[in-house]
Amino acid sequence: MRRYLARRLLLLVPVLIGVSIIIFMVLHLSPGDPAEIMLGSQATKEDLARLRADLGLNEPLHVQYVHWISHVARGDLGRSLWMKRPVLGEVLTRLRATLLLTATALLLSTTVGVALGVAAATRPNSPLDRLSAVASLFGASMPSFWLGIVLMVIFALWLGWLPASGMYAPFGGGDLRDLLSHLILPAVTLAAASVTIVARLTRSAMLETLGQDYVRTARAKGVSNRAVVLRHGLSNALVPIVTVVGVQAGYLLGGAVLTETVFAWPGVGTLMVQGILARDFPLVQGCVLVVALSFVLVNLAVDLLYVWLDPRIRYE
Amino acid sequence: MSDAGAVTVSIPRAAEVVRRRRALGRLAGRNRLAAVAALALLAAAAAALLAPWLPLADPDVVDTPHRLRPPLSPGHALGTDEFGRDLLARLVWGARVSLLAGVASAAAAMAIGVTLGILGGFYTGWVETVIMRLTDILMAFPYVLLAIAIVAGLGPGLRNAMVAIAIVGFPLYTRLVRGVVLSLREREFVEAARALGASDAVILGRHVLPHLLSPVIVAFSLDVGAKILATAGLSFLGLGTQPPTADWGSMLATGRQFVILSPHVVLLPGLAIFVIVLALNLVGDALRDVLDPRAAAQ
Numbered sequence: 001m002r003r004y005l006a007r008r009l010l011l012l013v014p015v016l017i018g019v020s021i022i023i024f025m026v027l028h029l030s031p032g033d034p035a036e037i038m039l040g041s042q043a044t045k046e047d048l049a050r051l052r053a054d055l056g057l058n059e060p061l062h063v064q065y066v067h068w069i070s071h072v073a074r075g076d077l078g079r080s081l082w083m084k085r086p087v088l089g090e091v092l093t094r095l096r097a098t099l100l101l102t103a104t105a106l107l108l109s110t111t112v113g114v115a116l117g118v119a120a121a122t123r124p125n126s127p128l129d130r131l132s133a134v135a136s137l138f139g140a141s142m143p144s145f146w147l148g149i150v151l152m153v154i155f156a157l158w159l160g161w162l163p164a165s166g167m168y169a170p171f172g173g174g175d176l177r178d179l180l181s182h183l184i185l186p187a188v189t190l191a192a193a194s195v196t197i198v199a200r201l202t203r204s205a206m207l208e209t210l211g212q213d214y215v216r217t218a219r220a221k222g223v224s225n226r227a228v229v230l231r232h233g234l235s236n237a238l239v240p241i242v243t244v245v246g247v248q249a250g251y252l253l254g255g256a257v258l259t260e261t262v263f264a265w266p267g268v269g270t271l272m273v274q275g276i277l278a279r280d281f282p283l284v285q286g287c288v289l290v291v292a293l294s295f296v297l298v299n300l301a302v303d304l305l306y307v308w309l310d311p312r313i314r315y316e
Numbered sequence: 001m002s003d004a005g006a007v008t009v010s011i012p013r014a015a016e017v018v019r020r021r022r023a024l025g026r027l028a029g030r031n032r033l034a035a036v037a038a039l040a041l042l043a044a045a046a047a048a049l050l051a052p053w054l055p056l057a058d059p060d061v062v063d064t065p066h067r068l069r070p071p072l073s074p075g076h077a078l079g080t081d082e083f084g085r086d087l088l089a090r091l092v093w094g095a096r097v098s099l100l101a102g103v104a105s106a107a108a109a110m111a112i113g114v115t116l117g118i119l120g121g122f123y124t125g126w127v128e129t130v131i132m133r134l135t136d137i138l139m140a141f142p143y144v145l146l147a148i149a150i151v152a153g154l155g156p157g158l159r160n161a162m163v164a165i166a167i168v169g170f171p172l173y174t175r176l177v178r179g180v181v182l183s184l185r186e187r188e189f190v191e192a193a194r195a196l197g198a199s200d201a202v203i204l205g206r207h208v209l210p211h212l213l214s215p216v217i218v219a220f221s222l223d224v225g226a227k228i229l230a231t232a233g234l235s236f237l238g239l240g241t242q243p244p245t246a247d248w249g250s251m252l253a254t255g256r257q258f259v260i261l262s263p264h265v266v267l268l269p270g271l272a273i274f275v276i277v278l279a280l281n282l283v284g285d286a287l288r289d290v291l292d293p294r295a296a297a298q
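Top to bottom, those sequences are chains U and D.
Going left to right, the first sequence walks through residues 1 to 316 as the numbering used here numbers them.
Going left to right, the second sequence walks through residues 1 to 298 as the numbering used here numbers them.
Errors might be hidden in some of the hints.
Covered by chain U, per the in silico footprint, the following chain D stretches (three or more residues, Cβ under 8 angstroms) [what the hints assert, rightly or not]: (1) 75–87; (2) 143–155; (3) 252–265.
Read the hints as simulated data drawn from the structure, not as lab findings.
Using N, Cα and C, we set each Cβ at its ideal position, and we do this for glycine too.
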């Protein structure tokens with residue numbers, strides 16, 4: 001296991017280099033002078049020259065990359081032009097909010113999705129199964145940001161049960177109860193499409209395992225239905241389920257940008273969109289880098305989970 | 001069927017016949033739904049194409065005294081938005097932008113992805129390595145995040161949003177096509193063509209490409225809906241279509257501030273996106289049932 005982990009970590013290096021090159025190149029795609037784009041057309045020649053020197057924009061592109069990546073490796077993501085603060089601290093503060101939202105949505109989509117999928121697989125073609133098929137089609141077709149607004153109108157504005165936006169109440173809040181009440185609507189919105197995908201995949205993986213000979217043997221031995229479904233069915237269907245949950249974790253991290261914007265959740269997504277509209281390249285680069293790194297680490301965790309779940313899997 | 005014929009049918013075969021009939025029945029039921037969806041899509045596409053000739057109000061004319069009128073108001077079947085602009089006209093004109101953006105970005109992603117997939121599957125060595133590593137790296141990003149990053153570089157705007165979505169979308173086609181081409185490359189008919197002295201271009205064009213049509217058509221039909229959602233998402237964030245051009249995502253974004261007073265300014269564009277993407281998914285599923293039954297069964 002230790003050797004496998006070392007190999008996987010080593011394999012991360014080229015991926016991370018590739019990711020960093022793409023992030024670096026993407027923000028140099030813009031036609032024209034990045035300094036002028038960042039400071040706007042009103043900027044003086046001196047301001048432009050100073051920014052170009054600060055960001056090393058006068059150097060050739062590969063020198064700029066090496067300069068940038070060597071700073072990144074030391075934890076220096078540069079200074080935000082808009083907030084006049086170091087990017088890393090700002091992004092890490094916001095990352096906590098994004099990870100909380102994403103993890104809650106993932107927990108929600110996994111528990112509800114797996115429960116729905118197992119229920120649908122044990123009763124194929126039942127009303128519940130059909131309902132889950134319709135829900136998955138709806139989930140794949142509904143814009144998450146629209147669902148968020150609809151939920152906000154119903155539960156925050158009409159019924160008044162939950163707060164409409166933010167992470168804490170502006171006055172008198174700040175405790176766990178306050179946080180949870182603010183978290184419900186964004187987490188449900190973010191998890192909605194994911195629940196249906198996890199449910200459909202769990203259903204098909206369960207149907208496959210429940211049709212195996214060992215399941216028939218277990219039933220013939222008189223094992224209770226509950227034990228057959230959970231111990232023989234679900235535990236053997238876990239590998240494909242973990243795969244889809246891992247993929248969903250990535251989608252949720254990316255999709256969080258839209259949900260955060262709808263609910264004014266103070267995460268990396270809202271920060272990044274503000275950074276783009278303010279043309280604050282160092283801030284945007286920092287946000288994308290930190291989220292992409294989190295995504296790569298989630299994928300690594302999923303790969304390690306396979307080995308733990310199914311000892312037959314050994315990547316050689 | 002005669003009585004004598006019925007007696008000869010064994011019980012397992014009869015069960016198989018019943019099972020097949022049920023499956024066919026389900027397919028017909030789904031296809032009826034897909035036919036309705038296809039009609040809805042045709043109607044939306046026709047309305048979008050014919051928008052300049054339809055008896056609609058000007059979608060950009062501001063009429064503040066009549067702002068935020070509810071649906072079924074005189075002269076405004078679906079009401080007006082925060083500037084008093086006719087919502088029906090903006091939805092129809094918005095359909096032009098949203099549908100075109102979805103189809104164009106999916107088509108661009110398909111063109112790039114299929115080309116790279118064929119090259120990566122057919123040629124081994126550095127071509128394959130470069131293409132597949134590029135695909136892996138692009139897939140190491142969350143989809144929406146990379147699209148946003150590219151728009152950040154290119155600058156907000158519909159064309160740049162479409163370019164970004166095409167770039168993040170092509171690896172899906174590359175993976176799909178490369179898998180098919182890899183299996184075809186070793187098949188006897190390709191070997192026979194090569195033995196007869198056919199060039200790579202002839203082998204790819206005449207023997208490989210026809211086998212790619214079904215999976216690519218199915219993937220494309222399901223992908224257009226995803227691309228419409230993605231462009232609407234970017235417009236919602238203010239990174240796609242810029243005012244005053246109407247598109248469903250930006251209509252949702254601007255209407256959001258008035259959702260308490262007039263929920264219809266948000267509900268209608270969202271519903272339009274939902275219905276069109278749902279219809280595209282239904283048609284895509286039906287196409288998969290017909291063109292790629294093995295994938296449909298999985």
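Failing hints, ascending?
Hint 1 contradicted; others consistent.
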